[in-house]
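S.K.: Per this note's numbering, the sequence shown starts with residue 1, numbered consecutively.
Please keep in mind that the hints were generated in silico from the structure rather than gathered at the bench. In this text, all values refer to a predicted model and were calculated from it rather than measured experimentally. Warning: the hint list may mix true and false statements.
[As the list claims (entries may be wrong)] Listed next, with one range per pair, are the computed distances between beta-carbon atoms:
1) E17 with N62: 37 to 47 Å
2) P94 with D66: 13 to 23 Å
3) D33 with S90: 26 to 36 Å
4) A54 with S13: 13 to 23 Å
5) A54 with P131: 19 to 29 Å
6) E17 with E59: 29 to 39 Å
7) P18 with A60: 37 to 47 Å
8) P111 with Q132: 13 to 23 Å
9) E59 with T24: 31 to 41 Å
Ideal Cβ positions, reconstructed from N, Cα and C, are used throughout, including at glycine.
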Amino acid sequence: SPARSGWASEMLSTDVEPGISAKTWLLSHVPADGVFVAVNGQALHYILGRDVVAVIMPEATNRRIDAYGYRTLMEKFHARYLVLFPGAPSYSVPEQEENPFLRGLAEGREPAPDWLIPAVRNSTVAIYDCPQCAGFTPGASRTSEATLRTPAAIPHIR
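Please take these sequences and the hints and turn them into a complete structure.
M.R.: Below, the structure written as structure tokens:
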């Protein structure tokens, strides 16, 4: 919606490095044919013109919504970056607010799993980097679940 892209555009205009906005940072790190995962994904696709795997509400998916689920999602789509909005009001990003894993990362109160590296962050935008997710090939060996701090049972992810 225009309202969701409006506030997202404002947040992306904030600097994540001196003189470099989050929008500029993302455009310089995600190639034109690249993809990333984000809350408010439709707005980010509209603003940036990049393919985005949009995070949806937890109750709207049968996919795991923990660290392992997001690693699998990022690997499936070869998405290197995860974009969150710590400065957004909770009603603006319910898909982030209602997901304990994403909310913890956005708020900075939960340490990121070993495979997800904080790339840049300010009070409105947090971007995490999974370099190995971008180059993941199905069937290749993946980090063990113990490393991802997840339970042993892994349901099939569609």
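S.K.: For each hint, tell me whether it holds in the structure or not.
M.R.: Hints, verified against the model:
1. E17 with N62: 37 to 47 Å: Given a distance of about 38 Å, which is inside 37 to 47 Å, the answer is holds.
2. P94 with D66: 13 to 23 Å: 18 Å, holds
3. D33 with S90: 26 to 36 Å: Hint holds: Cβ distance 33 Å, inside 26 to 36 Å.
4. A54 with S13: 13 to 23 Å: 21 Å, holds
5. A54 with P131: 19 to 29 Å: Distance hint for A54, P131 holds at roughly 22 Å.
6. E17 with E59: 29 to 39 Å: Cβ of E17 to Cβ of E59: about 36 Å, so the range 29 to 39 Å holds.
7. P18 with A60: 37 to 47 Å: Holds - the Cβ-Cβ distance for P18 and A60, about 39 Å, lies within 37 to 47 Å.
8. P111 with Q132: 13 to 23 Å: Taking Cβ atoms as reference, P111 and Q132 lie about 18 Å apart, which means the hint holds.
9. E59 with T24: 31 to 41 Å: For T24 against E59, whose Cβ atoms are near 35 Å apart, the range 31 to 41 Å holds.
Violation of the numbered hints given earlier is absent; every hint is satisfied by the structure.
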